[in-house]
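2 protein chains.
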Amino acid sequence: MDTRERLTKAFKHFPGIGPRQARRFVYFLLSRGPKFSGEFAKQITKLHDSVTRCEITHQYFAPEDPNQNRSPIACDEDRDWSRLLIVETDMDLEAIEKTGEYDGMYYVLGSQGSLTDDDLEKTLHLEELQSVISKHYGDGLEEAIIATSVTPEGERIRDTVTRFLADTAKNLGFTISTLGRGLSTGTELEYIDDNTMRHALDGRN
Amino acid sequence: MDTRERLTKAFKHFPGIGPRQARRFVYFLLSRGPKFSGEFAKQITKLHDSVTRCEITHQYFAPEDPNQNRSPIACDEDRDWSRLLIVETDMDLEAIEKTGEYDGMYYVLGSQGSLTDDDLEKTLHLEELQSVISKHYGDGLEEAIIATSVTPEGERIRDTVTRFLADTAKNLGFTISTLGRGLSTGTELEYIDDNTMRHALDGRN
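Quick mapping for you: the protein sequence lines, in order, are chains A and B. The end of the first sequence is residue 219 by the numbering used here, with every number in the run present. The end of the second sequence is residue 219 by the numbering used here, with every number in the run present.
Chain A with its partners taken away, still in its complex shape (with noise of 0.2 Å):
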């Protein structure tokens, strides 16, 4: 196998890359020469030292000296402790924030591409969540939103972390929710599926 296949093969893992798009990034990275690739290659090597994940919000982030366990949100004394919104990726908890309408603490359970394997339970690594609300949340917190895709994987993930949290939520005394279902801003019920049908009638008001 020559280097050309096994890169091939290895941007084939890549979130939604297929064969022939995986081929064609080889043949980019020939035409756009060994200086681009080298730098390249440098920043891939260097990404996982200079990126860590955050001991409380789980998500990854830049520590500017190397003995910073927390993300620039946990060490945000303006946030909201009472609140915890559990996301299934930093993608997801970066496109909320850059919403501005939330300013309370975060959970990322996994990581692009991670979610999707068979054994849930373990891949969510959900012991790690119960521990990180034990310690360092207790009795401050009032509520735990989770806040997944309303895609047929997201309501898997939802309620596989709703019923593990059960206990935990019953013993620390705070509430479990999920984001509000309904319309979506721009939503033309022309269009309208029967699950967003069902549950924007359910929540009307």
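Read the hints as simulated data drawn from the structure, not as lab findings. Treat the hints loosely; a few may be bogus.
You can't tell identical chains apart in this list, so a pair holds if it fits in one copy or across any two.
Once the Cα atoms are required to be at most 25 Å apart in a straight line, the calculated SDA-like pairs of lysine to any residue come out as [stated by the list, open to error]:
#1 Lys56 with Lys136
#2 Lys56 with Ser145
#3 Lys26 with Met105
#4 Lys184 with Ile159
#5 Lys23 with Glu135
#6 Lys184 with Thr165
Computed from a prediction, not measured in an experiment: that's the story for all the values here.
Place chain B on chain A using the hints.
This is chain B only, laid out in the frame that chain A set:
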């Protein structure tokens, strides 16, 4: 700028990759851990040393020894050197080879993502094509088939190459042709566009 941002920026250069997917790739690498990334970076660094361009077909290939300047196609004695198929990229060459319908020679104009620049004459390296034809084909060449995609970009490339080769073709006595236009297998007439319809009418038999 931290490593995540630098890598996101690099991935955004890849063909077909927008800012969101670029970011997703970075988190994917983080989730796969340093072993995967290390091996991946190593292959990228090796790529340019293990792959070179064929002096005849201009395609990328992995030489078995460092002095080998010709790809397997250019070394294959059963290929018909009287016909030269000129394609845009290595991906095109590989796709045509897979059909098994062509046994002449090839010339690859550029690489993935390199032919979209404004200064087409320059990025196509047409002097190189011309010198390959003069040096390696000479009087034996009967036909140059310009096989570009049927897209505005592809047609622009076809026109540029045709114009450029006109004199050489006259001097060396070969013809310049384009792949036939008309209905592709699987085309449903209900969805036909006007260009295809015009070509199908012109080429009726």
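Verification of the hints:
For a Cα distance limit of 25 Å, the shortest separation of lysine 56 from lysine 136 qualifies neither inside one copy, at 32 Å, nor across copies, at 31 Å. Neither within a single protomer nor between protomers do lysine 56 and serine 145 lie at most 25 Å apart by alpha-carbon distance, with minima of 36 Å and 37 Å respectively. Proximity of lysine 26 and methionine 105 under a CA criterion of 25 Å is satisfied in both settings, with 20 Å inside one chain copy and 16 Å between copies. Taking the shortest Cα distances, lysine 184 and isoleucine 159 sit within 25 Å of each other inside one copy (15 Å), while across copies they are farther apart (75 Å).
Within a single copy, lysine 23 and glutamate 135 get their C-alpha atoms no closer than 29 Å, and across copies no closer than 34 Å, so neither meets the 25 Å cut-off. In this assembly of identical chains, the alpha carbons of lysine 184 and threonine 165 never lie at most 25 Å apart, being 28 Å within a copy and 62 Å across copies at closest.
Violated hints, in rising order: 1, 2, 5 and 6; the structure is consistent with all others.
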